[in-house]
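Visitor: Protein sequence lines correspond, in order, to chains A and Z.
With the working numbering, the residue at position 366 of the first sequence is 366, and numbering never jumps.
With the working numbering, the residue at position 198 of the second sequence is 198, and numbering never jumps.
It is worth saying that the hints were derived from the structure and are not from the lab.
Incorrect hints may appear among the rest.
Once the Cα atoms are required to be at most 20 Å apart in a straight line, the calculated SDA-like pairs of lysine to any residue come out as [stated by the list, open to error]: (1) K200(Z) / S342(A); (2) K383(A) / P476(A); (3) K383(A) / N188(Z); (4) K199(Z) / S342(A); (5) K200(Z) / A136(A); (6) K199(Z) / T470(A); (7) K199(Z) / S349(A); (8) K208(Z) / F183(Z).
This one's a predicted model, so the numbers in the text were calculated from it and none came from an experiment.
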Amino acid sequence: MRTIRARLAVGYAMALGATLLVYAGIIYIAQGSRAFAELDSRVRVESDLIAAILGESFRARERVVVADPLGRPVLTPDVASLLEGVPGYVIVVGAERALLHLSAEARSLPFGSARALIDVAEDPVTGGFGLVDLAAPVGQVRYFVRPISEAGPNVAAVVSAAPTSGFAVSPPRLLTAMLWTIPFILVVSLLIGYLLVGRTLRPVDLIVDEVEAISDGRSLHRRLAEPTSYDELARLTITLNAMLSRLEHSFGLLRRFTADASHELKTPLTVLRSGIERSLTHPTTSPDVMETLDETLLEVNRMTELVDSLLTLARADEGRAPLHLDDLDLREMLAELAETASILGEQASVQVSVEVPPEPVRMHADQGRLRQLLQNLLSNAIKYTSAGGEVGIGSALEDGKVVLTVRDSGMGIAPGDLENIFDRFWRADPARSRTGSRPGAGLGLAICKWIAEAHGGSIEVQSKPGKGTTFTVVLPLSPDEDESHF
Amino acid sequence: MKVLVVEDDRTVGQFVRRGFEEQRYQVDLVEEGKEGLERASQASYDVIVLDLRLPEMSGIEVLRTLRDRGIETPVLVLTAQDAVESKVQALRTGADDYVTKPFAFEELLARVEALGRRPKEIVPPVLQVADLVVDTGGHEVRRDDGVVELTPKEYAVLEYLARNAGRVMSRTLITEYAWDYHFDPGTNIVDVVINRLRKKLDQGRSPKLIHTIRGVGYVLKAE
């Protein structure tokens, strides 16, 4: 969700950035050519003006070129003084590339620059516009060469030129301006884009929240609000509602199945149990038969427990597994557990200690389930600790919560297995299944996790292979009424 | 005490009847809800044990009709579903207690006893085997007139054996009684308790009272 929002905002900013760059490029080029057009018309107008002056003078006096004292051809002084009135670089070239006139500005150029301009002027064959680079500070110069025929045979062409720096928008300046403004615009548009996308996606957020609230298993009868428009989100809503209906239907089937299954499985178990119990307690039953019956009874009990666990977990998936909350004293329960622990420990030659709190600990909890949780963890700890090891059960009160720890010095759990141990039917060593040295269906810890969580608490495990394992159960003294299921 | 058992499964029904009869209860066993309702309306029972799932007329219907007719006999329902809803429904309809199938007979008996408010004289609160005395009221055990201090589990095992004195009780039955049958320690936890009991009761005394039946369990008797 957040990434879509970020991705859309970034995409939007990037598109805007690209558009800006293209726009800036076009402006840059357009601006440059407009400036050049202006410059061109100026130099052309100047050359036209000079050509007109020369033409008029020639028609009035029949002569515009005279020989200077050295015999070189120059413009007549009155024409030359007329031309001095034209600004910029002006050069008049005569026949045989004779340099007839240089304007004051052209004359004031450094030698190299003047030469370059004169070179352009002395090659008037092609005519037209051109660019030439002069030394600083003048820089690039735009010139126009205009061949002249109206001023007699001695005048061939006129060159007028002007530096581009005064006209063209200087490229570096435009670029700098753009480089400063574009990032700023991008940041602003990124922000605006982020906000806009957030606004657009907020209905999706709402839908997600609603679906989460519905799909916790207890509210499947609820539906998302019917949309009033018919946009993409409305279609999503309709699809989700249809999906919820199907889910509700299958959950209903599952619920009926678990109810039926509990009857279908438990009634024959009751029949089995009563038959065995009856035979076991019959005075004439021989010890051989009793032994077999007793083993059978144990298996019936295990199967009963398995069926019970399966049904409990199946119902827990729907959020409907029952807790029978009652007021109880945890100290009493731990004291009772301590005796069982010492008996189990003696049996397995494991040193077992149970910390019984000095004061009564009043709790609101499901007594049977809580005992099951502790007994499961205890018998697990002893089961996985070899003779001579230690098992300890600790209890502490921490801001309104009970912290119970069950630690052993057993074989430990491999780090890779830690995340799986609360899974159903999961066993660290598949070879040691029901018939092995450590029997069990693999539901014990899954049930423990459910019991802890149904009380609004948690269960965690820490383990070092070869060193031992510690289970930590944190339970509120009184579960939140909303979280308990009964 | 007079008990009516309404249970459609013959094996379970017979088992319950036999168990009650051993406690010298007077038991009527019927297999159908309608018949159960008739019997309950005519005769006066101390307790009715009612299976919830019966053919034709369900246990809940039987219960509702009974209460509608103003018959207040305590009713204990048997249910296969430990779903809270069905128990709550039964309790709201007027059941006094419930036992979830499958159940150990001792549990059913204890609950029926509680409902029937059985007079104290019928089961002597003090059990005696030779010179061993188990006072089930005060949870006190004496031998040679000296009080023997027992832990709760030791007491529970001893009481179970004393209640069934002279009869061999299997390990699983003893475990179920002292713990509950949901707890499967996976080991012969009873053997440890018996060892402790022997140290406290039999050591240095004669006759030995606790006897091992190899492979099966234990019996409490004088010889």
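Visitor: Does each hint hold? Answer for all of them.
Guide: Comparing the hints with the structure gives:
Distance check on the hinted pair: K200(Z) and S342(A) sit about 17 Å apart at the alpha-carbon level, within 20 Å; holds. The straight-line distance between the Cα atoms of K383(A) and P476(A) is roughly 28 Å, outside the 20 Å bound, and the hint therefore fails. Distance check on the hinted pair: K383(A) and N188(Z) sit about 13 Å apart at the alpha-carbon level, within 20 Å; holds. Distance hint between K199(Z) and S342(A) is fulfilled; the C-alpha atoms sit about 16 Å from each other, no more than 20 Å.
A C-alpha spacing of about 119 Å is found between K200(Z) and A136(A), which places the hinted pair above 20 Å, so the restraint is violated. For the proposed pair K199(Z) and T470(A), the alpha carbon gap of about 35 Å is over 20 Å, so the pair is violated. Of the pairs offered as hints, the one joining K199(Z) and S349(A) holds, with about 19 Å between alpha carbons and a cut-off of 20 Å not exceeded. For a cut-off of 20 Å, the pair hint linking K208(Z) to F183(Z) is broken: about 30 Å separates their Cα positions.
Checked against the numbered hints above, the structure breaks hints 2, 5, 6 and 8 and satisfies the rest.
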